[in-house]
Structure formats: C-alpha cells, structure tokens
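Enquirer: The chain contents come next:
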Amino acid sequence: MIRVQREDFDPGAEIEKLTAGRHEIGGVVSFIGLVRDMAGGAKIGAMTLEHYPGMTEKQLAAIEAEANARWPLSASLIIHRYGRLEPGDRIVLVITASPHREAAFEACHFLIDWLKTKAPFWKLEDTERGPQWVAADAKDDKAAARWAEK
Amino acid sequence: MKLVYFAWVRTRIGKAEETVHPPPEVHDVETLLEWLKRHSPGHAEALKDVSALRIAVNHEHVSIHHAVHPGDEVAIFPPVTGG
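In order, the protein sequence lines correspond to chains A and R. Letter by letter, the first sequence follows residues 1 to 150 of the working numbering. Letter by letter, the second sequence follows residues 151 to 233 of the working numbering.
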C-alpha cells in the first residue's frame, strides 16, 4: 500500500493495522524519516515538500511492486508526506513484513533508497539565508545503484 | 502538449504549467528543451543547463532522447530530493 498525505502518521498504529491477523509474518522492519534542524551547516526553521500529484503515486506503487517481486513480503506500506514540516516532524514511513527477517530488512532498505532517487518530491528549506531548494545528494544515487539487478 | 514544472524550474520560469504547440521539428525531449529556451528569459535561465534537469513524460522518468508527442504531459524538474 502507498499513501501520499499532508497529515502526520502514527507508526505504531500503522504497523498494528498492517500486520493484524497475519500470523505468517515473522518479522517487521520500519524506517521513519524525520526533518533535521541542520543542513549543510545552516539552521533550518522549516521545510516545504512539493510533489508531482499523479506521478508520485505511480512511482511509489511501482517501487513497492518491485520490492514485492524481489523479496517474499507478506505486507508493505509506504507513507510520504508533503507540505510544510518542522524539525522533528515525520516525513516518510516504510514498513515491510515477511515470514523471515532478512527479506523484511533488505526490502525496507531497498524501498527507502529507491524512493529517494525516483519519487518526485522536492524540499524547500527555510534557512538563515532565506529559502533554499535542497540539492540532490550523489550519495543517494550511489545507495540506490547498489540495488540495481546484477 | 502540457508542460509542468517543479521546484526551481517552476520558480525560474514563473509558472507551474503551460500548454504549448511545438513545431514539427520538436520530436524528442532534447529538441523540445532547445525550442522552449527561446520562450522567455525565465525559460532560458531555468533550462540553460540540461544536465541539471530531469524529465518525465506521462509520469515516467525518461532520458532527453525520449520521443514527445502532441498529447503528452512533459514534466521538467531538478533531481528529486524526497525521503
């Protein structure tokens, strides 16, 4: 499942809902992305996440389908927020559940790495020097490239 | 053809979207960008460095050699920074 929303989410409640009654699940892995208060040495007051409605949902669904094709997952969930966020706010949630921990760990790592380079979101940070668009990080491309099929 | 812009591409061009009718010599993303640059100083500024841009046609990431057609939705944006 994927969700793109302005509102916050409750990670515990989402895990409960995703795994309720699914007794074949042996392990659940979650990743929660938070807004930091520093970026490149500058203090961040807040940020605004812009996205491309329509393409965002399509890309997240495609990435989730890819994870389900590559790992034996019992359930998965991606929630990505947009709009104005402050330091400490949750931005993104990825949950993967599988009979065995290895698939859940790997698929969760894959999903967050891939969505960072494929999902059409852009961060505008309010810094001491004024609003600044966040530049893409080459480290993220490298992290995503590790998962390219051999 | 519908064009949509995001992040600093949008702010430099000064609008979020526009409908254009390119001439027949515009057949792929590369020729579309060349043609678009001549529209306004804002377009020229936003599109001057093609290596800094990413393109989606009908919601799919594509290269600058991807074909474009009159009914397409073409999105132009900087590398994504979600997650």
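Some clues are possibly wrong.
[Claimed, not checked] Straight-line Cα separation of at most 25 angstroms, PhoX-like style, residue types lysine-lysine; simulated pairs: (1) A:Lys17 x A:Lys142; (2) R:Lys152 x A:Lys58; (3) R:Lys152 x A:Lys139; (4) R:Lys152 x A:Lys118; (5) R:Lys187 x A:Lys58; (6) R:Lys165 x R:Lys187; (7) R:Lys187 x A:Lys17; (8) A:Lys43 x A:Lys17.
To be clear, the hints were calculated from the coordinates, so they are not data collected in a lab.
Enquirer: Hints first: check each against the structure and report whether it holds.
Expert: Hints, verified against the model:
For the hint pairing A:Lys17 with A:Lys142, the CA-to-CA distance comes to about 33 angstroms; that exceeds 25 angstroms, so the pair is violated. Restraint check for R:Lys152 and A:Lys58: satisfied, since their Cα atoms lie roughly 18 angstroms apart, inside the 25 angstroms limit. For the proposed pair R:Lys152 and A:Lys139, the alpha carbon gap of about 33 angstroms is over 25 angstroms, so the pair is violated. As the CA atoms of R:Lys152 and A:Lys118 are separated by approximately 21 angstroms, the hinted pair is consistent with the 25 angstroms bound.
Only pairs whose Cα atoms come within 25 angstroms are accepted, and R:Lys187 paired with A:Lys58 is rejected, the gap being roughly 29 angstroms. Distance check on the hinted pair: R:Lys165 and R:Lys187 sit about 15 angstroms apart at the alpha-carbon level, within 25 angstroms; holds. Between R:Lys187 and A:Lys17 the CA atoms are separated by roughly 50 angstroms; this puts the pair beyond 25 angstroms, and the hint is violated. Taking the CA atoms of A:Lys43 and A:Lys17, the gap is about 37 angstroms. The hint is violated against a cut of 25 angstroms.
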